[in-house]
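There are 2 protein chains.
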Amino acid sequence: MTTETLEAARGGDMVDSDFLKQLSAVIRAEDSYGQWDGKSDADIMAEFIVTKDERREIPIIGDPDPDVMWRVEKFYDAVGLMIEKRTGCMASQMQKMSHEGFGRIVLIAGKLVVVSKHLRDIHRFGFETWAKLAEGGESLVESAAQTIDAHPDAARG
Amino acid sequence: MTTETLEAARGGDMVDSDFLKQLSAVIRAEDSYGQWDGKSDADIMAEFIVTKDERREIPIIGDPDPDVMWRVEKFYDAVGLMIEKRTGCMASQMQKMSHEGFGRIVLIAGKLVVVSKHLRDIHRFGFETWAKLAEGGESLVESAAQTIDAHPDAARG
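Just so you know, the sequences run in chain order W and S. Each residue of the first sequence is one higher than the one before, starting from 1 at the first, in the numbering used here. Each residue of the second sequence is one higher than the one before, starting from 1 at the first, in the numbering used here.
Certain hints may be false.
Heads up, the list lumps identical chains together, so a pair's fine if it works in one copy or across two of them.
Here are the simulated DSS-like pairs of lysine-lysine, each with C-alpha atoms no more than 27 Å apart in a straight line [stated by the list, open to error]: (1) LYS39 x LYS117; (2) LYS85 x LYS117; (3) LYS85 x LYS52; (4) LYS85 x LYS21.
No wet-lab data here; the hints were simulated from the structure.
All chains, full assembly: derive it from the sequences and hints.
In structure tokens:
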């Protein structure tokens, strides 16, 4: 490990992103007792960051941790809410997970599948930097909006 | 209990139905060792029949039995295969089940949700008669085919 690595902030610089604000709001919505009120967005989203070194150390054997499944769900909940804000179409999440960390997640608006993602190594779900986390969510929202534009009747059906 | 009830065959008369043939084939596909070769279709599908009296006696408290979840899955697998035969669109199943027997099942072809069913009292999943089981499957296939006709691009997208 070099001194450089130790000095760089984990996840790099925080970025200004509508998606990160949405994700933070989704997480804070579960904080019924306000215990996280004093925490920054970076604090409460810290586990969405998985650096290269951390990634290497996470075993992919056995069932994924319930915590990681929770993070996957919150990430796609945030994507769904951004899709609704942008297009007016409510998108609800369905998951199909195997016990080995493989699975599929879809977001459905009306009769239309607006996000469909096959996942593997769910155990290691996370993003290297805040910029990549923001970009990961926003690109799914963008692609969903395009899918809805292409099939408006199905999305509103 | 009246003598009449005892004399009537459980599930009424077996009907000639493409859906029942498909469902039987789906179930037999799991019989790797041919242990059910000597059994009739009515034997291997017997648990899809739930009479009114039986229904009343099934408690709806706690998690649904894995056996009933298996039957729900096979029923929708058979629906999916019939949709593929009829329309050429492969339909894959996703489920979202709560622990109390409520849930949603969808069949997805391409980007299109061709079957979407909200279920409750999963514990009691079943049909009173063979005729109703056949009709239950066939009406889902029919409706899926209409949905695909209405949104062909999404279904093939």
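Do the hints match the structure? See the list:
Taking the closest pair of Cα atoms, LYS39 and LYS117 never come within 27 Å of each other, the shortest separation being 31 Å inside a single copy and 41 Å across copies. For a Cα distance limit of 27 Å, the shortest separation of LYS85 from LYS117 qualifies both inside one copy, at 21 Å, and across copies, at 26 Å. Proximity of LYS85 and LYS52 under a CA criterion of 27 Å is satisfied in neither setting, with 33 Å inside one chain copy and 46 Å between copies. For a Cα distance limit of 27 Å, the shortest separation of LYS85 from LYS21 inside one copy, 13 Å, qualifies, whereas the shortest one across copies, 46 Å, does not.
In summary, the numbered hints that this structure violates are 1, 3.
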